[in-house]
Amino acid sequence: MFDNVKIVYHQGKQFIPDTANAKVPGIFRGRPVISSEKVNEAELVDCCPVDAIATNPVSIDLGKCTFCGECAKRFPNKIRFTTDYKISTNDRNRLIVKEGDEGPIEIDPQMVRNEIRRIFGRSLKLRQVSAGGDNSCEMELNAANNVQFDISRYGIDFVASPRHADGIVITGPITENMAEPLQICYDAIPEPKLIVLVGTDAISGGIHAGNPALDRSFLDKYPIDLYIPGNPAHPLTIVNGLLDLTRKRKI
Amino acid sequence: MNYTTIINNQTIPVSDIPEISYNEFIDLNTGFLTDSPERHCVNYFGSRVGNQVRLICCIADDNTHQIYVSSCLIKSGDSLDSFTARNFNFEKFEREIHENFGVGYNDHPWLKPVRYAKNRFDQSQTIANYPFFSIESDELHEVGVGPIHAGIIEPGHFRFICNGEQILHLEIQLGYQHRGIEQQFLAKKKLLQRTTVAESIAGDTVVGHTTAFSHVWESLCGFQPSRDIEYARTLALELERMAVHTGDLSAVCTDIAYQLGSSVFGRLRTPIINFMQEWGGNRLSKGLIRPGRNQFPFTPELANRLAEILDIYEPDFLEMNEQLFQLPSALSRFERTGVVSYDDVLSIGTVGMAARMSGLCRDTRQSHPFGLYPELNHEPIIKHHGDVYSRVQIRKAEVKQSMQYIRNLIQHVPEISGNESVFQSPKPNSFTLSLVEGWRGEICHCAITDELGELAYYKVKDPSFHNWLALALAVRNNEISDFPICNKSFNLSYSGHDL
Chain A
1 MFDNVKIVYH QGKQFIPDTA NAKVPGIFRG RPVISSEKVN EAELVDCCPV
51 DAIATNPVSI DLGKCTFCGE CAKRFPNKIR FTTDYKISTN DRNRLIVKEG
101 DEGPIEIDPQ MVRNEIRRIF GRSLKLRQVS AGGDNSCEME LNAANNVQFD
151 ISRYGIDFVA SPRHADGIVI TGPITENMAE PLQICYDAIP EPKLIVLVGT
201 DAISGGIHAG NPALDRSFLD KYPIDLYIPG NPAHPLTIVN GLLDLTRKRK
251 I
Chain B
1 MNYTTIINNQ TIPVSDIPEI SYNEFIDLNT GFLTDSPERH CVNYFGSRVG
51 NQVRLICCIA DDNTHQIYVS SCLIKSGDSL DSFTARNFNF EKFEREIHEN
101 FGVGYNDHPW LKPVRYAKNR FDQSQTIANY PFFSIESDEL HEVGVGPIHA
151 GIIEPGHFRF ICNGEQILHL EIQLGYQHRG IEQQFLAKKK LLQRTTVAES
201 IAGDTVVGHT TAFSHVWESL CGFQPSRDIE YARTLALELE RMAVHTGDLS
251 AVCTDIAYQL GSSVFGRLRT PIINFMQEWG GNRLSKGLIR PGRNQFPFTP
301 ELANRLAEIL DIYEPDFLEM NEQLFQLPSA LSRFERTGVV SYDDVLSIGT
351 VGMAARMSGL CRDTRQSHPF GLYPELNHEP IIKHHGDVYS RVQIRKAEVK
401 QSMQYIRNLI QHVPEISGNE SVFQSPKPNS FTLSLVEGWR GEICHCAITD
451 ELGELAYYKV KDPSFHNWLA LALAVRNNEI SDFPICNKSF NLSYSGHDL
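Going line by line, the protein sequences match chains A and B. Per the working numbering, the very first residue in the first sequence carries number 1; after that it's consecutive. Per the working numbering, the very first residue in the second sequence carries number 1; after that it's consecutive.
Quick caveat, the hints were computed from the structure, so don't treat them as lab data. Check each hint, because a few of them may be wrong.
Think about it this way: if two alpha-carbon atoms lie no more than 30 Å apart in a straight line, the pair counts; the simulated DSS-like pairs of lysine-lysine are [claimed, not checked]:
{"no.": "1", "chain 1": "B", "residue 1": "K189", "chain 2": "A", "residue 2": "K73"}
{"no.": "2", "chain 1": "B", "residue 1": "K188", "chain 2": "A", "residue 2": "K38"}
{"no.": "3", "chain 1": "B", "residue 1": "K190", "chain 2": "A", "residue 2": "K38"}
{"no.": "4", "chain 1": "B", "residue 1": "K190", "chain 2": "B", "residue 2": "K118"}
Cβ-Cβ distance ranges computed for the label pairs, FRET-style [what the hints assert, rightly or not]:
{"no.": "5", "chain 1": "B", "residue 1": "Q123", "chain 2": "A", "residue 2": "H164", "range": "31 to 41 Å"}
{"no.": "6", "chain 1": "B", "residue 1": "E301", "chain 2": "A", "residue 2": "N56", "range": "38 to 48 Å"}
{"no.": "7", "chain 1": "A", "residue 1": "H164", "chain 2": "B", "residue 2": "D450", "range": "47 to 57 Å"}
{"no.": "8", "chain 1": "A", "residue 1": "P76", "chain 2": "B", "residue 2": "T126", "range": "44 to 54 Å"}
{"no.": "9", "chain 1": "B", "residue 1": "A150", "chain 2": "A", "residue 2": "N4", "range": "35 to 45 Å"}
{"no.": "10", "chain 1": "A", "residue 1": "A20", "chain 2": "B", "residue 2": "E136", "range": "37 to 47 Å"}
{"no.": "11", "chain 1": "A", "residue 1": "N56", "chain 2": "B", "residue 2": "D16", "range": "31 to 41 Å"}
{"no.": "12", "chain 1": "B", "residue 1": "I312", "chain 2": "A", "residue 2": "H164", "range": "37 to 47 Å"}
{"no.": "13", "chain 1": "B", "residue 1": "I312", "chain 2": "A", "residue 2": "R247", "range": "29 to 39 Å"}
{"no.": "14", "chain 1": "B", "residue 1": "E301", "chain 2": "A", "residue 2": "A188", "range": "43 to 53 Å"}
{"no.": "15", "chain 1": "B", "residue 1": "Q224", "chain 2": "A", "residue 2": "P76", "range": "21 to 31 Å"}
{"no.": "16", "chain 1": "B", "residue 1": "T64", "chain 2": "A", "residue 2": "P104", "range": "44 to 54 Å"}
{"no.": "17", "chain 1": "A", "residue 1": "P104", "chain 2": "B", "residue 2": "N429", "range": "47 to 57 Å"}
Some chain A residues flagged as far from chain B (calculated, every beta-carbon gap over 12 Å) [to be verified]:
{"no.": "18", "residue": "P17"}
{"no.": "19", "residue": "S59"}
{"no.": "20", "residue": "D91"}
{"no.": "21", "residue": "D101"}
{"no.": "22", "residue": "A213"}
{"no.": "23", "residue": "L219"}
{"no.": "24", "residue": "K221"}
{"no.": "25", "residue": "Y222"}
Cβ atoms here follow ideal geometry from the backbone N, Cα and C, with glycine treated the same way.
If we strip away everything but chain A, and leave its shape as in the complex, we get:
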């Protein structure tokens, strides 16, 4: 008993008090900023492994980006990754960062369905489905629930049964072999329900895009409520994305 108390004392306070403004250590690759510097655009486009970079104007699609940082290493004056981890949005187009964009990536409140904030604003239970995910986004979703990020303090929990869930969180590029179980799970969730895509693989297929072993037809059938990009998505990106979608916050 005393030993346990001693351990708790030695651990100190571990939770991050303000998940909206916490600083991440080191050289995290979050929201990129693209300068107006002139570079060889063909080379820039070519260096990206997942065709996330487009030209006229130069832009990076964070739904496709694997955040490998190769473009920033090759063209440091053109592209810089900031440590801004708040890059979740409900608007797929907002994930495309264009030359000169400095502003934050945000939720578009106009696009949020009425019932989401009314019903899920104080309590949100989610069912997670890994559909070909490589276990990186899965580990970060688990980390969002650990004592540091502690997403359950906001009333957001991951539950075992789809019957208890208010929405589905999909990771991975959605393999053909997982397409049917995913559909069955989604159908088992009562209305109204959310769909959240976590990680580049889920949003666009990532490095697996166009691969014949995938079946992404599920995503064509329903509107997506939230995109949480990353490879894998950082727990702070996940926490802030879900909070911004479901409630009005003073930041």
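Model the placement of chain B on the given structure of chain A, informed by the hints.
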């Protein structure tokens, strides 16, 4: 000679691999393993050559540090005698060959689908119609779990046959995660794309798989990585091992409802993976390892930072362990739960932790050394009971060992070789094999190039490929309520198996 001998990361012309008749092939390779616990099959696979299938079998010898490679040409519709009937090491490899090429086996005891790969031979078989083993009895019942599990983990289906609370038999059906990784290595033409594919094989073993791919590529191109490159890889491998083992200790505590251990170990993983982010910009080391390049040079400042982090980590880690391993309620769940005997792990050919838990020494850091491991004089940590307790103890001991290695390594940070590496193109008509000890165990990547030096075949074997069967054996005669803790104590990869 009816086989050729190579060492880890050696490239040879494909024509150097002797092609022998199937009878010779089966005698040779099963003969290698007879009464030889120091040998096991690291890879056995087929690749299409015209309308034939070339089988290549690679047997590693831990005493001589060599790998014996032989090959044999057969036809798709052939019906053959199985290796498996003579030695169970080959069980899953032959199932894979059967699934991908339609090769028939007369006497394979368990010829079931492996993963329902996209390029499987018989497209009429689908994952929804897996032929589960069942027993007709009024006293037994079946429990099906998955593919979607209760927590945030990858999908797979477990079918238990139980006698009351006791598990009689468990069958594990995988394949849900199949993304066609091996085909993607060929389809993607840019090196960075292929490296990114390697990073996505298993997100918990990013360093392990990317290092294996880098070794294959560098060997094919005749590139000798400089010391700073291998230094970064060795360091990252040990950090990855520390981080995952710590996380697994947390998961094991969760499954025995020990909240304090779960929280403390869970939070102790964070400083390690946050350090990976400080070093390479990603908590799970994506983007850190690149063939022929030191993408994020390890500096003396980072070494100081890491030393500080370890100094804070260590007392907390040791204190929590001391408490956990004197807790009767924890020990009673660990000890004699989920036992796999030495004979069983030897017969099914497990690798890594799943071998070392039962007294079988399998650790490529010692037996087929790579990177800076020859300098570290690695001594594998061996336990003997093969139960959950052994697996948990190995994690604890390996974290301490890794910490020691890391502290040694950061004493002398090597100079960064500034010159940008120039790759030759890969040698044509060549074969390369690379073994890397990831935290789960032995990772094996093989590549074959065509006459133009393009990748013609790429084969990945995650340690989970061998080890899933050990989990199925471990739970026999255990209470079904002990399944989660058995599962977590192995922590095998779904995506690495399903590729």
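Need the list of violated hint numbers for this structure, in ascending order.
Hint check: 9, 10, 11, 16 and 22 fail, others pass.
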